[in-house]
Amino acid sequence: MTAERIVVWRHGQTALNASGHIQGAQDHPLNDTGRTQAREIAPQIAALNPTRIVSSPLSRAFDTAQEAAALVKLPIETDPRLRERSFGVWEGLNRAQIRERYPEQFAVWNAGGQPEGVGVETKNATGIRFAAAAEEHAAAMERGTLLIVAHGAAIAYGTCQLLGLNADEWMGLRGLDNCHWGMLIAQGERIPRWRLVAYNRLVNDEAVPNLETQ
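Take 1 as the starting number for the sequence shown in this note's numbering and just add one per residue.
One or more hints might be untrue.
Unchecked claim - Distance ranges between label pairs, derived from CB positions:
| # | residue 1 | residue 2 | range |
| --- | --- | --- | --- |
| 1 | Gly117 | Arg95 | 17 to 27 Å |
| 2 | Glu104 | Ala140 | 36 to 46 Å |
| 3 | Glu77 | Pro29 | 39 to 49 Å |
Hints in this document: simulated from the structure, not taken from any laboratory.
Since we're looking at a predicted model, the values are computed, not measured.
All residues carry an ideal CB built from backbone N, CA and C; glycine is no exception.
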């Protein structure tokens, strides 16, 4: 058996999100706006009936997860494979600073490529570790809904991997906005095993896909 669906939820806003600085693997907490976002959107997430919650260990994700966990009375597990993409020496910088200090690498990155020599994790490596965690936790469930609370880039590249796509080569998904969510539904033995049915949603303003008809 496996989970019937995976809901991916990005954390609320942080001070670095608001100022346009890259956080990557650094641990920055939610700001007041982020805490409000998590609290206000948590009922929408709870309405999706999660039966297991797994979060990135970074506090901005874990604290967001706590808002939904409190409503559905579930514990939160953590998995380091769900952390955000590492941006190496660029963490803590904004785009203007990166462009000024690392013009060649910035040009490559801005065009969608992989910058070399600055410690930035590849998109595909991020997606592979994220998807491995998602698959492992989903496989340990008997039906139900797995809620994963994580980060914009990690969720986008992990979703690509779950859909059988190489995130280094395919750029069809951008990162979720703060506190937005997406949903994948299991397809049994079909390829890929997961189908994306919702992405970058803020509220559940449409009917949740019926698992019996998917």
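For each hint, the structure was consulted:
The supplied range of 17 to 27 Å is met by Gly117 and Arg95, whose beta-carbon atoms lie about 18 Å from each other. With their beta carbons about 44 Å apart, Glu104 and Ala140 fall inside the hinted range of 36 to 46 Å. Between Glu77 and Pro29 the C-beta distance comes to about 20 Å, which lies outside the given range of 39 to 49 Å.
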